[in-house]
Amino acid sequence: MSYLSKVNFLGITLLPFSEQQLYKFITSWFKNNDVILGERVIESIKGKEIAEIVKTPLLATLLCDLAEKGIDIPRSESEIFTKRLELFCGVYDTYKAIRRTTLSQSILQKAAIKIAYALHSRNLRSGTKSDIIKFIANDSSFNYDNETCSTAVGELIDPCNMLVHDAISGTYSFGHLRYQEHLASLELLQNRSIEIVPYLKNDWWRGT
Numbered sequence: 001m002s003y004l005s006k007v008n009f010l011g012i013t014l015l016p017f018s019e020q021q022l023y024k025f026i027t028s029w030f031k032n033n034d035v036i037l038g039e040r041v042i043e044s045i046k047g048k049e050i051a052e053i054v055k056t057p058l059l060a061t062l063l064c065d066l067a068e069k070g071i072d073i074p075r076s077e078s079e080i081f082t083k084r085l086e087l088f089c090g091v092y093d094t095y096k097a098i099r100r101t102t103l104s105q106s107i108l109q110k111a112a113i114k115i116a117y118a119l120h121s122r123n124l125r126s127g128t129k130s131d132i133i134k135f136i137a138n139d140s141s142f143n144y145d146n147e148t149c150s151t152a153v154g155e156l157i158d159p160c161n162m163l164v165h166d167a168i169s170g171t172y173s174f175g176h177l178r179y180q181e182h183l184a185s186l187e188l189l190q191n192r193s194i195e196i197v198p199y200l201k202n203d204w205w206r207g208t
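According to full-length UniProt numbering, the sequence shown is numbered sequentially starting from 1.
Certain hints may be false.
To be verified - What follows is a list of derived Cβ distance ranges for each label pair:
#	residue 1	residue 2	range
1	SER28	SER169	28 to 36 angstroms
2	ASP131	PRO198	18 to 26 angstroms
3	SER121	LYS46	22 to 30 angstroms
No wet-lab data here; the hints were simulated from the structure.
No experiment lies behind these values; they were computed from the predicted model shown.
The beta carbon of each residue, even a glycine, is placed where N, CA and C say it ideally should be.
Start from the sequences and build out the full structure, keeping to the hints where you can.
In structure tokens:
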């Protein structure tokens, strides 16, 4: 039975923007701080494949956020998500010439990918901080001690804002399932020891 049939809540799907709605969204995003940048973003995507890709509210938001922070316009959904990962795990600090984390960008990115896969492989969208630390501490392919695992999770929460706290449940997640799916797919791509055949007919893994 599909896991979708077991979900006991009302799901709401946001429809994609029309072309004009997308441009209006971008204009509104930049109207109070950098109107010219907003116009530049619109011109850079107009008539291109990326304009179709970023018509969902999530991707339109990420596009504007990346542009606002000086990141070049991505060309695909995957590139948008990957640039967001890089930005939150250290590239933003490089742009600002600051250092807010003790761990390197590569360790934080690897930890985020491992966490996303750990959650997804358990059919979870969130977990407690202690559970998330255990996920990567028990992952033999992560190869870092418990203290580093704890620091990585802590820094992905703050200052990286990769893991978002839910005050009601007391758990942490990547905020949007689509982003968790992307990160989990990176683990499948990078870790050849994972057997992907069992996932192929599983609805939960369809987005990866």
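> Which of the numbered hints are not met once you compare them with the structure shown?
Replying inline: Violated hint (a single one): 3; every other hint is consistent with the structure.
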